Each structure stands twice: as C-alpha cells, then as structure tokens.
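Throw the hints in and build the complete structure from the sequences for me.
Just so you know, the protein sequences line up as chains B and G, in that order.
If you read the first sequence in our numbering, its first letter stands for residue 180, the second for the next number, and so on.
If you read the second sequence in our numbering, its first letter stands for residue 180, the second for the next number, and so on.
Don't read these hints as lab results, they were simulated from the structure.
In this text the structure is predicted, and so the values were computed from the model without any measurement.
Heads up, the beta-carbon is just placed ideally off N, CA and C, and yes, glycines get one too.
Since no wrong hints were added, every one of them can be taken at face value.
Okay, the calculated beta carbon distance ranges per label pair:
id, chain 1, residue 1, chain 2, residue 2, range
1, B, Glu-442, G, Ala-385, 32 to 40 angstroms
2, B, Met-180, G, Met-407, 52 to 60 angstroms
3, B, Asp-382, G, Gly-219, 36 to 44 angstroms
4, G, Val-282, B, Ser-381, 28 to 36 angstroms
5, B, Ala-190, G, Asp-383, 45 to 53 angstroms
6, G, Val-282, B, Val-182, 47 to 55 angstroms
7, B, Gly-356, G, Ser-256, 18 to 26 angstroms
8, B, Ser-381, G, Gly-408, 18 to 26 angstroms
9, B, Ala-288, G, Gly-219, 40 to 48 angstroms
Number of protein chains: 2
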Amino acid sequence: MVVTTRTAERARPLIERGARWAESPAEVSAGALVVGVMVGTPTDVQAVIAGDGTGTGVLEALAPGAAIIDFTTSTPSLAAELATAGAERGVSVLDAPVSGGDVGARNAALSIMIGGDTVAVDRCRPLLDRLGHTIVHHGPAGSGQHAKAVNQTLVAGTMIGLCEALVYAHRAGLDPGSVLASVSGGAAASWSLTNLAPRILSDDLAPGFAVRHFVKDLGIVLAESSRMGLDLPGVQLADELYRDLVAHGEGELGTHALVRAIERRVPHR
Amino acid sequence: MVVTTRTAERARPLIERGARWAESPAEVSAGALVVGVMVGTPTDVQAVIAGDGTGTGVLEALAPGAAIIDFTTSTPSLAAELATAGAERGVSVLDAPVSGGDVGARNAALSIMIGGDTVAVDRCRPLLDRLGHTIVHHGPAGSGQHAKAVNQTLVAGTMIGLCEALVYAHRAGLDPGSVLASVSGGAAASWSLTNLAPRILSDDLAPGFAVRHFVKDLGIVLAESSRMGLDLPGVQLADELYRDLVAHGEGELGTHALVRAIERRVPHR
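As structure tokens, this is what we get:
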C-alpha cells in the first residue's frame with residue numbers, strides 16, 4: 180500500500196505498519212490498480228482526481244484498467260463528470276461516500292454507498308469488504324453521493340429534534356436520566372438519542388463528526404435538491420443552525436453542539 | 180371496572196369482557212378508588228375532570244383518598260392546576276401521558292410519563308404496571324406532560340428528516356430498498372426509519388398516530404416552550420408542515436403522511 184496526505188504526520192501510523200509514503204497523488208497512482216481518495220470538499224476531489232492537466236491528478240497517472248474509489252462526500256454531478264472523464268481513459272471512477280465516523284472507520288464497520296459501473300464495483304468489492312460491513316451499490320456514478328445525501332437529510336432532522344428536546348427538558352427542570360428512560364424505548368428512539376444525548380448531557384461536545392464537515396454536506400444536499408426542484412425546509416433549517424455554530428467559532432465541535440445554537444435563540448415576541 | 184365514553188359502541192369489547200357501563204364520568208367515579216381519563220384535548224380534560232361545578236366532573240364525584248390518572252397528552256399548567264384542585268378535596272391527580280400508540284396500548288407496552296405526588300404514584304403503580312413497560316415518575320404535577328413534550332419534540336425532528344430524505348431519494352431515482360439498507364445501520368437510524376419508512380414506500384398512510392392529534396401535541400410544545408422563553412424552530416416547522424396536511428384534509432392520516440407536505444413544496448426560485 181502506498182499512501183500520501185497533506186499532513187505527513189497523519190500517515191505515520193500507516194507507515195509504521197508497512198505502508199510506503201509517496202510525495203503526491205500522482206506518485207501514489209503510478210502503477211496502481213486501485214486508488215482510494217478521501218479528501219475534504221468537491222473542489223479537493225476535483226484537484227486530486229482530475230488534476231490540473233499537467234500530470235498532477237490520480238486519473239492522469241493511472242493506466243487503463245485501473246479504478247479510483249472516491250470516499251469523499253461530494254456532489255453527484257462531480258461524481259458523474261469524473262466517471263465520464265475516467266471512462267475516456269479506461270479508468271473506472273466510483274463514488275463511495277461512507278457513514279459511521281472515525282469509530283466506524285477504525286473498526287471496519289463503515290456503511291459504504293456506491294455509485295458507478297457494476298463491473299468495477301464487483302472488482303473492488305473484496306477491498307471494500309475490508310473497510311465496511313454495509314456495502315451497497317446504488318446505481319450509476321453519482322448514486323452513492325445521492326444515498327449519502329439521503330443519510331445526511333435523516334441525520335439533520337434527527338439532530339434538530341434531539342437538541343431542541345434536550346434544551347426543552349433542561350429548561351423544564353426534568354431529570355435527564357429519567358427523560359432518556361422514558362423516551363428511548365418508543366417512537367422517539369434514534370441512534371442520535373442513544374449515542375449523542377449522553378454526551379450532550381455531560382457537556383462533551385467533541386466530535387464525532389465535526390460541524391464544519393456537516394455544513395459542507397448540507398450545502399450539497401441543498402444544491403442537489405434545488406436542482407431536482409425540491410424544497411427541503413428541514414435541511415434548510417439545519418443549514419442555518421449549523422452555520423450559526425460556525426459563525427460562533429464552533430465549527431470544530433461535534434454535530435451535537437447544535438444544542439448551543441438552540442440555546443442562543445430567543446422567541447420572536 | 181366501570182367505563183364510559185362518548186361513543187358507547189367503542190366500549191363494547193370491554194363490556195363483553197365484564198366491564199360495567201356508566202352513563203357519565205361522574206357515574207364512573209362514584210365509589211371509585213382510581214379513575215383513569217384519556218380524552219382528546221386540554222379542554223376535554225378540564226371538562227371531564229373538573230366538570231362545570233354542578234357535579235358532572237370526576238373530581239367532584241370522588242371521595243377523599245381517591246386518585247385520578249390523566250393519560251391524555253395535555254398541558255403541564257393544566258396538570259398542575261388540576262393537581263392543586265384535587266389536593267383541596269383530598270384527591271390525587273396524576274398526569275400520565277403515554278407513548279407507544281394503539282399497538283403499545285393493546286400489548287400493555289406503553290411508555291407512561293408521570294407527574295404528581297409520590298405517594299399517589301406508588302399507590303397507582305401496580306395498575307400502571309398492567310398498562311405499560313416503561314413507567315417513569317418525572318416529578319411534581321406537570322412533569323409527565325413536560326416529558327411527553329420532549330418525546331414529541333424528538334419525533335417532530337425525526338419525522339421531518341425521514342420524510343425529506345424519502346422524497347429526495349425518490350426524486351433522485353434511488354432504489355428505496357437499497358437506500359434503507361445503506362442508512363438503517365448507522366447514525367441515521369431511528370424508530371421512525373425502521374417502522375414508518377416501509378409504510379411510506381408502500382403508500383400506506385393510515386395511522387399509527389393521526390396528524391390532527393400530533394398538531395394538538397405540537398401546539399402544546401410551542402405554547403410551553405414559548406412560556407419558558409425558548410424558541411424551537413424545528414417544532415415550529417413541524418407545526419407548519421402538519422397544519423398544511425390538515426388544511427389539505429389529511430388530518431386523519433398518520434404522521435408519516437408528512438411526505439405529502441414535503442412533496443407539495445416548490446423551491447422559492
């Protein structure tokens with residue numbers, strides 16, 4: 180395995196376990212059969228995979244028959260563009276955003292949502308099976324990104340409900356443990372309630388998944404839904420609330436820091 | 180057991196199993212040790228429990244030492260008022276709203292959220308244990324209603340996320356079964372996703388829990404949160420969307436009919 184990243188220090192644990200360091204994405208790609216990419220934004224994806232036309236991109240450095248798996252949460256339209264650009268060079272480009280966080284990645288328990296060519300997906304599956312436990316091929320290029328948008332839309336609504344509910348409970352003077360006992364077993368149950376409510380109640384707002392990443396994801400959902408002629412007011416509200424966190428310097432906290440944005444609000448009258 | 184309800188037909192299964200019919204709440208209450216009440220709105224609660232001062236209410240008909248358990252989802256402030264009025268007559272009034280729906284009620288698997296005097300709660304517990312499997316005493320009168328408000332706030336956010344996500348998935352052309360496989364095992368998981376998404380996907384919008392009841396509950400959450408100086412934009416959005424359903428004659432459908440309100444929306448530009 181050959182690896183690179185902007186902050187070399189972060190690759191050290193892999194190097195110590197036998198991975199070889201390369202100086203650039205292009206150097207990683209030379210001679211590779213499969214290249215995995217996981218970066219920050221669609222702009223980063225474009226730069227790393229497509230490059231600038233002077234040989235800096237993964238796609239330019241790969242031989243025909245190779246495959247790229249982009250694990251970044253990015254836009255369906257960019258995924259489709261890169262798949263087309265790859266096909267022209269005989270390289271398969273799969274979009275494969277993940278859910279499950281740093282814990283899921285460490286435990287190889289990720290949910291991986293895949294879009295792209297079926298033959299390439301089947302060829303990459305043994306590798307994907309080493310990374311996750313829910314590997315679903317959703318359709319052509321971009322479909323994985325759409326599935327991830329669905330995932331983040333679900334999370335957005337649940338997080339709003341969770342944080343408003345806990346702020347209400349606190350203000351009403353309820354005992355948090357008693358409330359969680361009452362609401363956890365029924366129609367209000369969720370992964371977020373089980374996993375994030377205890378952290379909120381102990382004022383542990385460390386990520387998990389950082390606010391600034393979620394803001395990027397919500398922006399993708401809003402752009403895509405608007406493009407499809409949809410109006411999603413819950414995602415819009417989540418976007419507004421999470422941007423309020425970023426504006427208050429809380430972008431590096433976990434998504435459950437949304438309680439702070441709710442606590443800051445005051446009634447209109 | 181002595182029972183009454185406005186629509187006598189609905190009591191028939193209980194009568195057939197040995198319950199005795201009474202013509203009014205006051206007649207039910209004469210000689211009773213514990214009276215359970217479950218009606219529609221706070222106004223109904225006021226009418227049935229407090230009555231009109233001419234002997235029509237449960238409270239007026241009970242002897243000192245008796246208890247009233249109000250299972251209705253109502254306001255914390257009314258619960259406190261009725262508990263005070265009861266105390267003046269030596270009658271304990273507990274607020275005990277439930278979660279778990281008609282299925283939970285039939286299977287004695289309700290979550291019951293209780294506010295009121297501890298001695299009375301302990302005295303009623305053997306009876307409550309026959310009705311639910313999660314029986315939590317949250318504190319003084321009104322606390323049970325506050326806990327139920329917390330429950331409905333969680334549900335409101337989750338339902339918005341669920342319905343927006345499924346509308347997005349449909350519009351993006353994703354296969355619903357594949358999407359549910361991808362998102363059900365991780366951070367997007369919820370009771371609603373597991374139990375209501377399949378009904379939405381098969382276009383089964385029957386309640387479960389009816390929209391018009393949820394609108395009543397959301398109104399209580401909004402009134403109480405506003406009284407406490409809180410602004411809960413997610414609950415406000417849910418209230419707006421569910422009122423849209425009522426305005427379209429869909430108040431008798433289940434809460435998951437929220438997909439219809441999302442589908443009807445069009446982008447602002």
